[in-house]
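Here the structure of chain A is known, so what remains is to put chain B in place on it, guided by the hints.
Quick mapping for you: the protein sequence lines, in order, are chains A and B. Position 418 of the first sequence, counted from 1, bears residue number 417 in numbering that gives the first Met the number 0, the numbering being contiguous throughout. Position 261 of the second sequence, counted from 1, bears residue number 260 in numbering that gives the first Met the number 0, the numbering being contiguous throughout.
Check before you lean on any hint, since a few could be wrong.
Stated by the list, open to error - With a straight-line cut-off of 25 Å between C-alpha atoms, the simulated PhoX-like cross-links for lysine-lysine are:
#  : chain 1 : residue 1 : chain 2 : residue 2
1  : A       : Lys194    : B       : Lys145
2  : A       : Lys263    : A       : Lys221
3  : B       : Lys78     : B       : Lys153
4  : B       : Lys5      : B       : Lys291
5  : A       : Lys117    : B       : Lys145
6  : A       : Lys269    : B       : Lys78
7  : B       : Lys473    : A       : Lys194
8  : B       : Lys60     : A       : Lys91
9  : A       : Lys269    : B       : Lys60
10 : A       : Lys86     : A       : Lys120
Don't read these hints as lab results, they were simulated from the structure.
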Amino acid sequence: MGTNEFEKKTLEIDKNAQINVMLNTPDYTDYEIDLGRVFHNMKQMRRVYAWVIVLCLLVGVCAPLLLYQFSKPVLTVSSVVTLNYAKDERLKAPDGTDLDLSQIVSSYVLQNALADLKLSKPVSISALRSNIKIDRILTDKSRQAQELAKKMDQEKNANVFNQLQSIDLEYVNRFVVSLTNSFDDGTGKNTIDLKDAELRLVLNRVLDAYNDYLILTYADQKLPEDRLSIIDLDRMDILESLEQMQTASDALNNYCQSQSDEVKAYRSWKTGFNLNDWMEFLQMLREVNIDYLYSYVYTNGYVKNKSTMLMNYQYQLRNEQSNLDQINSNIQTLDSILKDYKKDNIFVSMQESGTSRSTSTTTDYFNQLIMDQVTNYSTVAQTETRISNLNDQIEMLSVSDSSSNLANVAENINTELVRALEASRNIYSQIKAHMEEVQASPEFTHFAVHTAASGEQKNFLSANLTKMIIGFVLGGVIGCGLWFMASLLPELTRSHSRKESKKEADA
Amino acid sequence: MMTAKKTHGLRNTLLVLIICAIAGAGISFVQFTNASDRTSASFSIQFTFDGAASSLAPSGKIFDLKELYLDDVLNEALKNAGMENRYTADMLRSNLEISGNYPKDIAAQLTNYESLLDFQANRAFSTNSYYPTLFDVYLYHDFDPKITRGDLEKLLQSIMTCYREYFIQSYAVNTHSAEIEYDLAEYDYPQKLSVLSVLMNQSRSLAEELSEKASFFLVNGMGFNDVNVRLASLIDTDVAQLNANVTMSSISKRADRLLNQYRYEIKTLTNRLENQKKRLENLDRLIASYDKNDIIYLSSTDSLTKIDGNSSETYDAMVAERKTIDDGITQIITRINNYNLLINDLLKGSQTMEASAGEISSGEVETDVTEMSQAEIDKLAEVAQAKADEKMAAVDAEIDLLVKKYEAIMEDFATLINAYNAMTLNDASVEILPGRYNTPSLLSGRFLVMLIKTAGPICCCGLIVCLVILIMQKKKQYQQNTVNC
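Pulled out of the complex, with its shape left as it was, chain A reads as follows:
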């Protein structure tokens, strides 16, 4: 017998034979799951589920990025606005009243902001208004008071109401204006998104328009009146021209005096002079050119048409006298009103001491009447001065015999007159140009300055990094979980079938 025949004989299996294998596991029951087998299954399925884990990891990492693409957060840009004119660093208007910040989103301001602005998509004023937010900043003192009151309220402190009443919230002269992208298109269903650069541009333009609004509303942009261009030396008499120059000079001086100290101290970059210097020039012009000539003409009565001048002065005198009579009448009326005026009585009773006292007090109307009377006295003084001057002029003209002497000096007077007028007009134009420069300078047009609109969205990777890490971990866990479950499932099925078989066998 050869080896093969022997092997054939030994390896022949009786298919009908029954082989019983007994394992030496005393506590083994047929329906328990063998973890060893589960791990064995896992090992067998490793090639497949390695790819499943890779797939789960990839989905975990990519899902946040994909979601970010579809639901990108809306950009909000902000700008800090500072009110430069507020010396006490409080949120007040330039005239000291409360500042209405809602004007930033007024139609006027927004319309000016959007004028001539080419955007990729049109945005309506109402949509723009809805997306603008203004945050005022409390002063440190107000914030602290508010915080303390809140703490007291939380502690159920009985004095919290009194504390709240004593809090007078104040805001600093800076506030934050924010503009959010994604504007309503008017239908309520869709939104309009501007580019980031456009959003910043729109906010900058809105704040520029608001600054222009403040200048228009509060800045004193009045230029000096031109009372010199109406002087026609050929048509007017000499004295008349000079009086007009005096009036123009006084008006110009009053205009300069009425400006603030800051405006007066502003030194022009074109001329190097400030308004104080120009007022000195004006005074010098008045003395050296105008009054010097005026006194000469006045004293000697050098006029072209004496009778006309006399008639003018007498007419003016009559008008002034009439004004004076009226003001004096007002003064008398007010005097009698003030004398008979009944003041308010106040009765004060003090409970603790049981005493009482009565007194009287003036009303606002009474005080107003007093100040009106003070103004009347001032007007009377000015009118009486003008009357006195007019009387002197009439007297001087009446006694002088100028017509025969005027011819001798007419040429010199005329030369001086022309020189005086030219000098006056020169000073006027210089002052006007100076004020135009002042009113256009950043010194006086920076009511509300703002920082550049800024606001950034995070880089899409850094914005999603946390989610990507969580996704990676979750993907790994899910992948491993699936692998385990797939390996466990056959054992569960087997255990179940064994149970069924045993039941059948027992039955």
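Relative to chain A, chain B alone:
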């Protein structure tokens, strides 16, 4: 067979990825084209002079880069670039954008608040006013989409250069250069001295301002304070002496006219004085009759209330008005006295010829010119004129010398100012940094980022699909192997 299958699988995967990448690139291209920024040239300008961080120019004034939009600057820039016939200032203005470099979190800094009750909080409160010193200026090509890169950059460079020149000129310290012409020869001596005094005092005021601002600044050992001192000496010594000489010696080309002027001024002032006195009397009567109320405070446990009918404010206003009138009256009286002194000085010359020695030595030559007749005044004036003629030549020479001294001081002043301006405002302190040209390009970083952001997820989806197919194939293979076994 297995190797062939693997190769086939890899090839399919690669094919899917390539298709996804191409699709992603196509979508990115469309998005980039729709959302791309405009073409622009940009330059930066940096201010490094003292005060720039507070938005203050060396002259002490606030500056604003929006002056770059001015017609003066833009027209000059167009002219320098040789494009004044092609474009206008208005076309450029709407395509210029200025942006200052602010801290990105400036709004957050301002709204950040450290609680008072958090004792461990770092008490660094919000940022105060911040002014940038570096600005970016952009010029977009929308005014002429066909403009070449070179022309756009040249135009913006020209604008920046012109703006710098404008800035240096307008924010430097300027000497007095207004067109105010006073021909001294046309005026009488007191008027000449008055004009010179005003001019010198104004120059002195400017020198004083500058010496306070730049006390350290010296050129050849001379500073602004030296100019101030020289001008003060000129005014207090030379001008004062000349004034004394002219006034006390009654030197005048036209004494009659001066007399007329002083007489006229006195008359006018006297009228005003009388009426102001009447006004003062009326106001005094009103104040005396005004009953100022008591101020009452009502006190309770929680509050203190003041009851006052504002009588204090009204009373104070009246008293303030009274003080103003009183001060005005004092000024008028002073001026009248000054004019009287001038008249007396003017006439003293003539009167000394007629008065006795005793009257002269006692100094009693008072004259009430308002009571004199015109003929008397004219006679006195003639005498004064004759005396004055003798001294005029000498005074003319002294005034000429005074003017020369003043001009010499002003020359040194101008040199100092120019040197100061050159030190504070120059190409280094107002520096224009190299420019950039920004245009949407497929090779730009922006497009690449957009490509990655768009094509990346699409490729990932393709890869996921490929993986799913692979897994299904692997599972099928595994099941087949299991059955065979």
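Checked hints:
no. : hint                : verdict
1   : A:Lys194 - B:Lys145 : holds, 23 Å
2   : A:Lys263 - A:Lys221 : holds, 15 Å
3   : B:Lys78 - B:Lys153  : holds, 12 Å
4   : B:Lys5 - B:Lys291   : violated, 110 Å
5   : A:Lys117 - B:Lys145 : holds, 19 Å
6   : A:Lys269 - B:Lys78  : holds, 22 Å
7   : B:Lys473 - A:Lys194 : violated, 48 Å
8   : B:Lys60 - A:Lys91   : holds, 24 Å
9   : A:Lys269 - B:Lys60  : holds, 14 Å
10  : A:Lys86 - A:Lys120  : violated, 41 Å
Of the hints listed earlier, those the structure fails to meet are numbers 4, 7 and 10, in rising order.
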